[in-house]
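Chemist: Here the protein sequences line up with chains H and L, keeping their order. Its first residue numbered 1, the first sequence is counted upward by one per residue in UniProt numbering. Its first residue numbered 1, the second sequence is counted upward by one per residue in UniProt numbering.
None of these hints come from the bench; they were simulated from the model. It is possible that some hints are incorrect.
Simulated pairs of lysine-lysine, DSS-like, Cα-Cα distance not exceeding 30 Å [claimed, not checked]: (1) H:Lys49 to L:Lys172; (2) L:Lys625 to H:Lys4; (3) L:Lys638 to L:Lys625; (4) L:Lys147 to L:Lys172; (5) H:Lys408 to L:Lys543; (6) H:Lys217 to L:Lys625; (7) H:Lys556 to H:Lys572; (8) L:Lys288 to H:Lys126; (9) H:Lys124 to H:Lys39; (10) L:Lys310 to H:Lys696; (11) L:Lys258 to L:Lys225; (12) H:Lys572 to L:Lys281; (13) L:Lys365 to H:Lys696; (14) H:Lys295 to H:Lys39; (15) H:Lys379 to L:Lys552; (16) H:Lys406 to L:Lys310; (17) H:Lys572 to L:Lys638; (18) L:Lys348 to H:Lys218; (19) H:Lys632 to H:Lys696; (20) H:Lys101 to H:Lys191; (21) H:Lys311 to L:Lys31; (22) H:Lys621 to H:Lys698; (23) L:Lys618 to H:Lys379; (24) H:Lys321 to L:Lys618; (25) L:Lys31 to H:Lys405; (26) H:Lys452 to L:Lys258; (27) H:Lys406 to L:Lys547; (28) H:Lys175 to H:Lys39; (29) H:Lys544 to H:Lys475; (30) H:Lys675 to H:Lys718; (31) L:Lys258 to H:Lys572; (32) L:Lys343 to H:Lys295; (33) H:Lys126 to H:Lys39; (34) L:Lys281 to L:Lys133.
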Amino acid sequence: MADKQASVYIVDVGCSMGEKHNGRDETDLEFAMRWVWDKITSTVMTERKTDTIGVVGLRTDATNNELESDPNYHHISLLNPIQQFLMPQLRAVRESIQPSKTNQGDGISAIVIAIQMIVKYCKKLKYTRNIYLVTNGTGPFDPDGIAEIVAQIKNEGINLTILGVDFDDEEFGFKEEDKDEQKKEVEGFLKNVVEQCGGVCGTLAEAVEELARPRLKKVRPVPSYKGTLTLGDYLKDDTAMNLEVERYPRTMIAKPMSSSSFVQKSKPEEEDRGGPSVRREIKEDEDGKKMSYVKNERTYLVQDEMEEGGKKEVDRDVLEKGYMYGRAVVPISSTDESITTLETNSSYEILGFIPRQGYERYFSMSTTCVVVPQKGNRKAAMALSSLIRALYELDNYILARLVTKKDKPPVMVVMAPLIEPDFEALIDIPFLEDVRQYRFPPLDSVKTITGKVLDKHRNLPTDEMYDAMGEYVEKMDLSTFGRDDDGNPTDYAPPEDTFSPVLHRIDQVVRWRAIHPDDPIPPASDILTKYSHPPQELLEQAQKPLDRLIEASCVKKVPPKVRGKRDREQPKPMSGLNVDELLRSEDSARPANKKAKISSNNAIPEFKQSLVMHSSIEEIKGTCSQMAALIKEAITTSFADLLYDKAADMMRVMREELVELDEPEVYNEFLRDLKKEILAGNLGGNRVDMWKEVRKNKLGLLTSSESERSEVTEEMAKEVCEIFLFLPRFLISSCLVWYLGFINIVDFSF
Amino acid sequence: MSSDSKWRPQDDEADDEEEGEVDGTQYQSMKDAILFAIHVSPSMLSTHSSNDDEEDEGWNPKKKTPKCKPMSAVRTALQCAYEVLQQRIISNPKDMMGILLFGTQETKFPDGGSYNNCYLLMDLDVPDAPSIKSLKNLIQDEDEFNKVITPSEAPISMANVLFGANQIFTTKASNFQSRRLFLITDNDNPHSDDRALKNSAITRARDLYDLGVSIDPFYISNPGKPEFDPTKFYEDIIYRAPGGEDTDEDDTSAVHLKPTADGTLRLQEMISSIRTKATPKRALFTTKLELGPGLEIGVKGYILYKRQEKARSHYVYTGGEQPQIVKGDTTQLSSDTARVVEKTEIKKAYKFGGETVLFSPEELKEIRNFGQPVIRIIGFKPASALRFMDNVRPANFIYPTEAEFVGSTRVFAALHKKLLESDKIGIAWFIARRNAAPVLVALYPSEEKVESKVQIHPPGIFLIQLPFANDIRQNPETPLVRAPDTLVDCMRAIVKVLHMPRGYRPEKFSNPALQWHYRILQAIALDEEVPEKAEDNTLPKYKLIRKYAGEKVIKWGEELEEVMSADPGDGKIREKKRAAPEEDWEKAPAKKRAAKGGEEGLKDEEMRRAYEKGQVGKFTVVQLKGWLLGKRLEGKGKKADLVEKVEEWFDNH
């Protein structure tokens with residue numbers, strides 16, 4: 001846990017802050033607030049009660065502070081007392097930060113007010129105390145009594161940071177041309193003050209620039225295992241080796257902030273109120289108060305013929321846990337819930353040592369951990385060190401079995417020595433069950449059907465290609481392309497320099513929206529997409545070999561589906577036999593008289609074959625209408641949903657074939673008709689679930705993106721698909737009743 | 001079955017949207033059905049002895065393989081089917097399987113019909129307890145086996161077999177992503193003298209192809225007979241994947257089992273090839289690999305390694321006659337009025353500053369949009385740049401496809417060869433599918449490895465996801481202690497004798513927890529006896545370790561004592577702070593460091609003293625937890641609980 005913190009932001013809102021300088025298209029105040037809001041919102045994001053913020057306005061029109069009776073403290077306003085900063089505070093401060101009409105107000109007095117606030121709030125408690133002042137340095141800064149103030153800042157342990165708009169900064173490399181004499185003086189004075197307090201004074205541009213680099217959250221290491229690393233039977237054998245170790249995560253995926261589901265609260269009175277002023281108020285509230293959480297409520301149903309609707313709701317407490325073994329239900333009563341759990345003891349055991357080459361890097365399945373000696377145990381450290389060094393010298397890895405806690409499943413891990421600061425990394429590796437044994441043909445040779453092995457083939461690279469590839473790969477070397485702080489070549493894009501794009505992007509827009517509720521969201525910052533393309537400079541160097549590689553490779557995009565069926569290549573068996581001819585001949589298995597008619601028990605093959613043989617548009621339509629009839633028949637005669645899969649399968653084939661034939665309208669017409677029939681209940685009762693299958697299987701209208709000749713847009717297709725969403729609920733439940741009715745019938749027939 | 005998916009709790013879905021990650025969820029919805037069609041004939045029932053050798057494993061002495069009793073091809077196939085069945089219940093619990101015997105004397109087919117001499121031993125379905133039991137029984141009970149598996153005198157009709165399979169697939173597994181017929185036979189020309197029957201079979205095979213069923217043949221050449229000749233009949237019924245001579249998919253390549261030199265059949269090979277084929281090859285994504293501006297090729301992505309977990313548990317209602325899986329129904333309610341809300345009303349919002357920050361659906365899409373799916377290479381590095389610790393999840397495997405870009409394979413092959421030869425890796429920006437979160441990956445080439453004709457590692461390129469800076473944790477603070485060479489020498493001796501030269505081989509290690517889970521379920525489901533002890537080959541071989549390393553460990557232990565007694569640190573920690581990364585710890589305020597120091601120093605004696613005085617409560621929760629964890633006790637609960645646990649420990653020690 002981090003420390004308690006109290007930070008006071010002093011924002012100069014003087015009249016001159018409303019001006020634009022140095023070619024920026026935002027005012028000095030807007031410029032300064034970019035930094036302030038970033039700081040504040042990242043604090044808000046932590047949602048920590050002990051991370052508190054106060055805000056003071058400098059050079060405000062009005063005066064509102066503890067010392068307001070003293071004229072020295074005029075034009076300074078307390079905008080927000082030190083407290084946890086949440087949305088209401090944020091909104092309030094957002095409203096009050098506006099350029100004022102005055103240039104009066106002493107900056108040093110504002111610092112005194114801030115010190116005062118901190119002293120009162122923090123008392124003598126343990127707090128990190130910060131004061132941030134942002135200003136353009138054109139207002140008054142009264143040096144009177146400054147020594148005392150500096151002493152107090154140091155006494156209280158306050159970190160003072162002053163950021164100035166267009167302050168000169170040699171290190172950063174900024175110098176304002178034609179600087180106003182007074183500002184020059186102020187800058188010098190403030191730098192001096194800060195130096196005395198051990199604080200920081202800088203130019204705002206640098207601070208704003210730094211915002212682009214995402215901040216990382218520090219996570220305190222928490223061990224995932226504490227105990228012994230053993231070799232041999234540590235329980236029974238006195239020759240077993242025992243090392244006291246601790247294991248900590250080394251990598252762990254940082255997840256982006258997650259969103260939750262909300263709905264608009266019911267708000268009957270709202271319409272009545274109306275009026276622009278009230279509207280504004282609603283707008284303000286919209287973010288939070290008008291929304292309420294969505295919660296999930298689960299009910300548990302079992303089939304019960306005695307109950308109305310064939311279903312009975314059961315209480316969760318009477319339920320047991322269970323598993324499926326194939327189709328068999330295996331209930332496990334709560335008393336012996338652990339029966340399927342393998343009994344294990346927390347342990348970390350070495351199986352043996354494997355050569356580095358005996359471990360494939362792509363076996364690694366998980367995040368990694370480091371293993372270090374037990375804290376404060378020098379003997380353990382010495383013992384582990386000998387193991388690490390022995391491994392390193394022999395270029396070996398450890399193969400081990402790890403159980404992190406009692407009765408947790410064992411995992412196999414591999415440990416590699418990591419010699420610099422004497423650490424070990426280790427990774428989980430796969431079991432037999434985790435391997436999917438897919439096979440792929442070799443890439444360096446091609447085997448023909450007859451078993452001949454070729455080393456020249458269109459799928460194999462030519463020497464020229466390989467040569468060009470080699471040169472290209474060498475030229476695109478990243479390992480020396482990066483530059484370190486001193487400009488020396490170094491690795492480009494090491495993991496430590498890369499930032500999770502989605503995580504920081506969401507972070508960025510959430511904070512942006514909180515401050516700018518009405519503005520469109522900004523584009524992702526460049527650093528997040530920096531590694532989405534090869535560096536331009538490197539590409540330029542590699543252009544020649546790339547051009548050569550492109551030419552030698554001669555990669556051609558496959559043209560979109562060839563229109564018309566004549567060009568379609570018909571499938572042939574390995575022997576190359578013309579089966580189409582056979583299908584037409586008398587020898588075919590088809591009963592002769594049925595050749596033109598699709599039979600329901602062999603619908604898909606006969607449909608496809610019919611389309612091959614009958615190619616005019618009329619014939620296609622005829623074949624499709626036969627298929628359509630069969631699909632409807634399947635739906636109509638289906639016991640509950642038993643034949644829905646079959647119908648969906650037929651629809652899928654029909655859809656695919658009509659895309660190939662470039663006749664999208666034939667399918668779309670069928671689909672619209674099917675929807676009508678289902679809606680009308682013409683297909684043997686309520687078939688809403690069939691339509692759900694259509695949606696689930698993505699069998700909607702053929703759109704122009706899928707088939708060129710279609711005039712259906714994505715939206716239209718979506719609409720046709722989704723209309724059932726708005727069906728009244730009773731329709732769906734009556735469907736359930738009907739479904740169960742049939743199950744009973746099936747039971748009787750057994 | 002089909003309804004199963006409907007009742008899955010909706011809550012799970014939301015997560016998927018959020019993550020947009022490449023995971024296995026897509027796999028599950030792509031269902032697979034396998035029908036074994038096994039030819040029963042006198043030659044298929046003649047027995048062969050098995051003589052497959054076991055591989056040795058480094059310092060482990062050879063295991064003695066019990067000589068298998070002679071087996072027939074039919075029996076081996078059934079045994080195989082049973083193994084595949086058990087394995088698929090674990091790995092693909094929703095997939096279907098069935099067994100059809102043909103050429104049997106007896107006929108058994110659900111619709112009756114004219115499927116003479118076809119015996120549907122197990123209907124195509126997700127296996128249930130009775131069918132598993134009866135298959136097991138058939139394999140174990142010789143009489144039962146002989147009763148069912150008697151070859152018929154009548155000639156077989158392949159057209160019947162194929163149309164029978166067609167009907168089984170049509171009625172049981174329509175709308176499945178993958179449907180396969182495993183045809184196991186030793187007869188290369190079933191219709192040598194009847195052209196009409198042959199043509200009829202050819203048409204029926206085409207029907208299967210058009211239906212989307214692929215035939216995977218397993219040809220068996222019998223010893224002493226002419227070699228099985230697929231050109232006689234089978235090449236007329238087997239289709240290659242669309243696209244002609246494309247090498248894209250090799251799934252259609254037939255498995256051909258030939259007799260060994262000593263005249264026996266390598267039935268083991270059948271088992272391993274069926275096992276391999278039984279896993280349907282499913283691509284996870286298809287996308288573009290961009291080597292540089294203007295050079296794009298097509299690739300398919302697969303997952304070759306993925307942690308196999310137990311299938312999820314269900315709620316079961318046992319109040320009825322039969323235990324029933326309970327169907328859960330989720331309703332979404334508004335928290336203020338408990339009103340039922342429709343999906344369209346729901347808005348996604350982020351919590352911020354105690355309230356919510358809203359975005360329109362278009363904005364939400366825009367926020368996560370980092371461009372089209374692509375693997376875009378941004379450059380290359382030496383393979384050594386990929387550190388051992390740079391890993392967060394299982395790698396994806398990519399292999400070229402010609403479907404989108406002609407020439408993809410040769411470009412991919414050139415890149416693969418170059419990376420392997422110069423020991424380099426590619427670095428790429430990777431978006432797996434639309435709206436997936438972009439990640440950086442290393443393109444790590446894998447070399448093909450073949451052992452006894454079976455591919456162990458496929459050739460291709462693995463995409464190893466690199467951690468972002470956000471994903472990297474700092475190392476914990478530890479004192480730097482370097483062991484002297486004398487001690488390292490002792491350790492080196494131990495490492496050397498326990499060397500496993502063949503490295504890590506996943507196929508040698510079964511997940512004991514997973515196996516136990518399913519073993520128990522099987523025992524309960526099939527009314528078998530519950531085994532007492534789990535088989536666990538992940539345990540170290542204690543006896544061998546003692547035999548080979550025992551003395552050396554003792555020697556190392558003595559050396560360690562000696563080193564420690566001469567150690568200048570004398571048990572105290574010589575704090576050697578390391579530089580940059582630990583900066584933050586340095587800055588940590590005094591109190592916190594004090595607490596941490598306390599934790600470090602919290603030794604047993606200290607705790608015991610406190611215990612004896614009844615002052616265990618004076619330690620902080622963090623200290624207590626740390627101490628308990630060190631004793632492998634659970635460090636959970638309130639402080640009082642922790643104190644109690646500590647006291648309990650001392651009571652017993």
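Chemist: Decide, hint by hint, whether the structure agrees.
Modeler: So, going through the hints one by one against the coordinates:
1. H:Lys49 to L:Lys172: Violated, because 60 Å separates the two Cα atoms, which is more than 30 Å.
2. L:Lys625 to H:Lys4: Given pair Lys625 of chain L, Lys4 of chain H holds - Cα atoms ~23 Å apart, limit 30 Å.
3. L:Lys638 to L:Lys625: holds (10 Å)
4. L:Lys147 to L:Lys172: holds (27 Å)
5. H:Lys408 to L:Lys543: holds (25 Å)
6. H:Lys217 to L:Lys625: Holds. Lys217 of chain H to Lys625 of chain L sits at ~24 Å (cutoff 30 Å).
7. H:Lys556 to H:Lys572: It holds: about 25 Å lies between the C-alpha atoms, which stays within 30 Å.
8. L:Lys288 to H:Lys126: Status violated; Cα separation ~56 Å.
9. H:Lys124 to H:Lys39: holds (25 Å)
10. L:Lys310 to H:Lys696: holds (27 Å)
11. L:Lys258 to L:Lys225: Holds - the C-alpha atoms of Lys225 of chain L and Lys258 of chain L are around 11 Å apart, at most 30 Å.
12. H:Lys572 to L:Lys281: holds (23 Å)
13. L:Lys365 to H:Lys696: holds (22 Å)
14. H:Lys295 to H:Lys39: Given that 30 Å is the threshold and the Cα spacing comes to 33 Å, the pair is violated.
15. H:Lys379 to L:Lys552: holds (18 Å)
16. H:Lys406 to L:Lys310: Satisfied, since the Cα-Cα distance of roughly 18 Å is no more than 30 Å.
17. H:Lys572 to L:Lys638: Not OK: Lys572 of chain H and Lys638 of chain L at ~73 Å, beyond 30 Å, violated.
18. L:Lys348 to H:Lys218: It holds: about 28 Å lies between the C-alpha atoms, which stays within 30 Å.
19. H:Lys632 to H:Lys696: Status holds; Cα separation ~18 Å.
20. H:Lys101 to H:Lys191: holds (27 Å)
21. H:Lys311 to L:Lys31: holds (29 Å)
22. H:Lys621 to H:Lys698: holds (22 Å)
23. L:Lys618 to H:Lys379: holds (28 Å)
24. H:Lys321 to L:Lys618: Violated - the C-alpha atoms of Lys618 of chain L and Lys321 of chain H are around 43 Å apart, more than 30 Å.
25. L:Lys31 to H:Lys405: The given pair, whose Cα atoms are some 36 Å apart, is violated under the 30 Å limit.
26. H:Lys452 to L:Lys258: Holds, at roughly 18 Å.
27. H:Lys406 to L:Lys547: Holds. Lys406 of chain H to Lys547 of chain L sits at ~29 Å (cutoff 30 Å).
28. H:Lys175 to H:Lys39: holds (25 Å)
29. H:Lys544 to H:Lys475: Distance of about 10 Å is within 30 Å: holds.
30. H:Lys675 to H:Lys718: holds (13 Å)
31. L:Lys258 to H:Lys572: Given that 30 Å is the threshold and the Cα spacing comes to 27 Å, the pair holds.
32. L:Lys343 to H:Lys295: Measuring from Cα to Cα gives roughly 12 Å; hence the hint holds.
33. H:Lys126 to H:Lys39: With a Cα-Cα distance of about 22 Å, the restraint between Lys126 of chain H and Lys39 of chain H holds, given a limit of 30 Å.
34. L:Lys281 to L:Lys133: Holds, at about 29 Å.
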